[in-house]
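**Student:** Sequence:
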Amino acid sequence: MAFRKAVKGTVLIGGGAIATVFGLSQFSQYRNKHGTLYVEAAEPVPVPMKNHFPTREEQLLTLQSTSEFDVLVIGGGATGCGCALDAATRGLKTALLERDDFSSGTSSRSTKLIHGGVKYLQKAIMKLDFEQYKMVKEALRERANLLEIAPHLSAPLPIMLPVYKWWQLPYYWIGIKLYDLVAGSQCLKNSYVLSKSRALEFFPMLRKEKLVGAIVYYDGQHNDARMNLAIALTAARYGAATANYTEVLRLLKSTDPQSGRARVCGARCRDVLTGQEFDVKAKCVINATGPFTDSVRKMDDQEVPNICQPSAGVHIVMPGYYSPDNMGLLDPATSDGRVIFFLPWEKMTIAGTTDSPTDVTSHPIPTEEDVNFILSEVRNYLNCDVEVRRGDVLAAWSGIRPLVTDPNSKDTQSICRNHIVTVSDSGLVTIAGGKWTTYRAMAQDTIDTAIQTHGLKAGSSRTVGLQLEGAQDWSPTLYIRLVQDYGLESEVAQHLASTYGDKAFEVAKRAQVTGKRWPIVGKRLVSEFPYIEAEVAYGVKEYARTAVDMISRRTRLAFLNVQAAEEALPRIVDIMGKELNWNEQKKKEELEAAKKFLYYEMGYKVKSDQLTDRSEITLVPSDIERYKKRFHMFDKEKKGFITIVDVQRVLESISVQIDENTLHDILNEVDLNKNGQVELNEFLQLMSAIQKGRVSGSRLAVLMKTAEENLGQRVVIPVDRSGGGL
636 MAFRKAVKGT
646 VLIGGGAIAT
656 VFGLSQFSQY
666 RNKHGTLYVE
676 AAEPVPVPMK
686 NHFPTREEQL
696 LTLQSTSEFD
706 VLVIGGGATG
716 CGCALDAATR
726 GLKTALLERD
736 DFSSGTSSRS
746 TKLIHGGVKY
756 LQKAIMKLDF
766 EQYKMVKEAL
776 RERANLLEIA
786 PHLSAPLPIM
796 LPVYKWWQLP
806 YYWIGIKLYD
816 LVAGSQCLKN
826 SYVLSKSRAL
836 EFFPMLRKEK
846 LVGAIVYYDG
856 QHNDARMNLA
866 IALTAARYGA
876 ATANYTEVLR
886 LLKSTDPQSG
896 RARVCGARCR
906 DVLTGQEFDV
916 KAKCVINATG
926 PFTDSVRKMD
936 DQEVPNICQP
946 SAGVHIVMPG
956 YYSPDNMGLL
966 DPATSDGRVI
976 FFLPWEKMTI
986 AGTTDSPTDV
996 TSHPIPTEED
1006 VNFILSEVRN
1016 YLNCDVEVRR
1026 GDVLAAWSGI
1036 RPLVTDPNSK
1046 DTQSICRNHI
1056 VTVSDSGLVT
1066 IAGGKWTTYR
1076 AMAQDTIDTA
1086 IQTHGLKAGS
1096 SRTVGLQLEG
1106 AQDWSPTLYI
1116 RLVQDYGLES
1126 EVAQHLASTY
1136 GDKAFEVAKR
1146 AQVTGKRWPI
1156 VGKRLVSEFP
1166 YIEAEVAYGV
1176 KEYARTAVDM
1186 ISRRTRLAFL
1196 NVQAAEEALP
1206 RIVDIMGKEL
1216 NWNEQKKKEE
1226 LEAAKKFLYY
1236 EMGYKVKSDQ
1246 LTDRSEITLV
1256 PSDIERYKKR
1266 FHMFDKEKKG
1276 FITIVDVQRV
1286 LESISVQIDE
1296 NTLHDILNEV
1306 DLNKNGQVEL
1316 NEFLQLMSAI
1326 QKGRVSGSRL
1336 AVLMKTAEEN
1346 LGQRVVIPVD
1356 RSGGGL
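With positions in the sequence shown counted from 1, the corresponding number in my numbering is that position plus 635.
Since the hints were made in silico from the structure, they are not lab data. One should not assume that every hint holds.
Below, computed lysine-lysine pairings styled on DSBU-like, alpha-carbon distance capped at 30 Å [said to hold, decoys possible]:
#1 LYS1158 with LYS1176
#2 LYS1340 with LYS1264
#3 LYS1231 with LYS1176
#4 LYS1176 with LYS1230
#5 LYS772 with LYS754
#6 LYS1263 with LYS1309
#7 LYS1273 with LYS1309
Quick list of simulated restraints, FRET-style, between CB atoms [as the list claims (entries may be wrong)]:
#8 GLN1147 with LYS1231: 52 to 60 Å
#9 GLY1212 with VAL907: 13 to 21 Å
#10 ASP1060 with ASN961: 49 to 57 Å
#11 ASN1007 with PRO839: 22 to 30 Å
Think of the CB as a built atom: it goes at the ideal place given N, C-alpha and C, for glycine as much as any other residue.
Taking the hints into account, I'd like the entire structure generated from these sequences.
**Tutor:** Structural data, given as structure tokens:
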């Protein structure tokens, strides 16, 4: 609705006024733009870049042994790591502390878009709001820079806006063309209009009834957690002492001899993994903690009012067949006025997001209500031939947007869509608000403020055009060398190249020989994803210290398919255990913590919500009899339940062998009361949930159906975990 009003307003206000305010200054650039983005590089960096980034232990030693840093950054999200990189490349002695893992909060739970913000043009157009225009302009400039400095982790993505009413076509077209116009020379590609037939050709699963046509525009997409990590690793290479799992307990203060006022001069810290406490002294302390902004501000001053107004955004992941490989979808006006994106990502499909007030927490949980809202909106845009099933949700997560009010504004209740930088009386610098795309500009503004208010000696920012970890020698064909030089599968090689850039060779060197004719090296963690075991050992080098780090931020398994992540966990824990010298008790703790993370934070909990011992059986009598007959084929003694022994007996009769551990996992998926057996009622509940679309990909259901159909014949029954969801 907001977007529709924005575009409608362009007609009401008049094309001449808009062109005067927003267009003419960009017109010559727009006409003469080149086929590739142009990002002007900053001045050369005055400090050398290290060939290898230090280990976490070496970083902790630097934090403890350095008498005083110029800058101490609290927070290891995109903005905090951006601040550390900006400061380090100016030659400032820099430290960064993160309580959890890099990108463990909001920065890894985004929509994965690098965008200027189409919806933010509303105020700029309707009210000729120059501040909103500057915000969109800045975001589009930063979008171009991010695509330039990390091409292995990001790429332009065409996004389709389907049109179902003729009058909407010119409205939306004007708005999208303005978006191109504001981007100027950094417009990724020109937007264009599609006829109905062409729109369905590009997006065949789109609802065709009443479809008039579509408009396609371009924004960027990236691997957000890996991008955040690349910023952190680049900062470390330029000399920043960065440490994850290092918590700030309190701020340190000293008395200014000239003014007599208390000044923040560092922080008391604790290594979360060992419990060791130590002080880190710094001339300037920067608070870049996103949703936790106010908790750090209150360490400085208990009386300071809150400025953060957290908002939860839920996303879901569905199988890749729900969207084309290289075309996203934008719903500009959902049933409640929100904007929904439907995007291909890592060969899956992301749908989201919601927007609702929430409490600040380190462990946000997606709700069933939000998941169903997104599914409902997706159904509105997809062809009725495509059954949008609740069981096809492979993962779900909630991220907290750190919306802020400007404490210096007269209207303190008004949300500031841009970022704000404030300095407290004691000198604590706080950066808050903003968006992922503008992290670099936010960091630059923050370090500029720190230099000015604390009298630090440094030049201007050097981060425009500064390539991030893995970008320097990356090329689109790098993966071919990985295939040729190491004997990796093409899919695995492409994944390594797009995840690690030119550092993919370091991962490939660690890959184990498979013992097969092909691939020669590269053992997968799970069969349907290109993640390999060598990435786990390399992830430890990249400061991963928990199994959760590995499944969610070094690899993205938890965000793509929680069942696949759970399946990979035992092997991941074993490899990390060898790298980090974990004992058996520590391995067990890591396994349980990771399963808890998947269950609550990544949507696995909804599996039990969809199929429980209280689930209704809504099958018609004929279906109940059919499924009972199938069940009793396994339960010969009419016990009312089946066990592993029963299943093995039937499989042996058709000459099929499945190992006992796999059978245990298969039955455990349906054993709702966890008594080691599947009862008839549990089986009927499963089949009822499958019919309603609330459960998909049940291995037991497929196995029993296949055995029934092929009894007496020698067949191969698939027992790999399917792509089925939650």
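**Student:** If a hint holds in the structure, say so; if it does not, say that too.
**Tutor:** Do the hints match the structure? See the list:
Restraint check for LYS1158 and LYS1176: the C-alpha separation of about 19 Å stays at or below 30 Å, so the hint holds. Of the pairs offered as hints, the one joining LYS1340 and LYS1264 holds, with about 11 Å between alpha carbons and a cut-off of 30 Å not exceeded. Distance restraint check for LYS1231 and LYS1176: the Cα-Cα separation of roughly 25 Å lies within the 30 Å cut-off, and the hinted pair is therefore satisfied. For a cut-off of 30 Å, the pair hint linking LYS1176 to LYS1230 stands: about 23 Å separates their Cα positions.
With a C-alpha separation of about 13 Å, the suggested pairing of LYS772 with LYS754 holds against the 30 Å cut-off. Pair hint LYS1263 plus LYS1309 holds up; C-alpha atoms about 21 Å apart against a cutoff of 30 Å. Among the hinted pairs, LYS1273 with LYS1309 is consistent with the structure: their alpha-carbon atoms are about 20 Å apart, no more than 30 Å. Separated by about 30 Å at the C-beta atoms, GLN1147 and LYS1231 break the suggested range of 52 to 60 Å.
Between GLY1212 and VAL907 the Cβ separation comes to about 19 Å, which falls inside the hinted range of 13 to 21 Å. The hinted range of 49 to 57 Å is satisfied by ASP1060 and ASN961, whose Cβ atoms lie roughly 52 Å apart. At about 25 Å, the CB distance of ASN1007 to PRO839 agrees with the hint of 22 to 30 Å.
In summary, the one numbered hint that this structure violates is 8.
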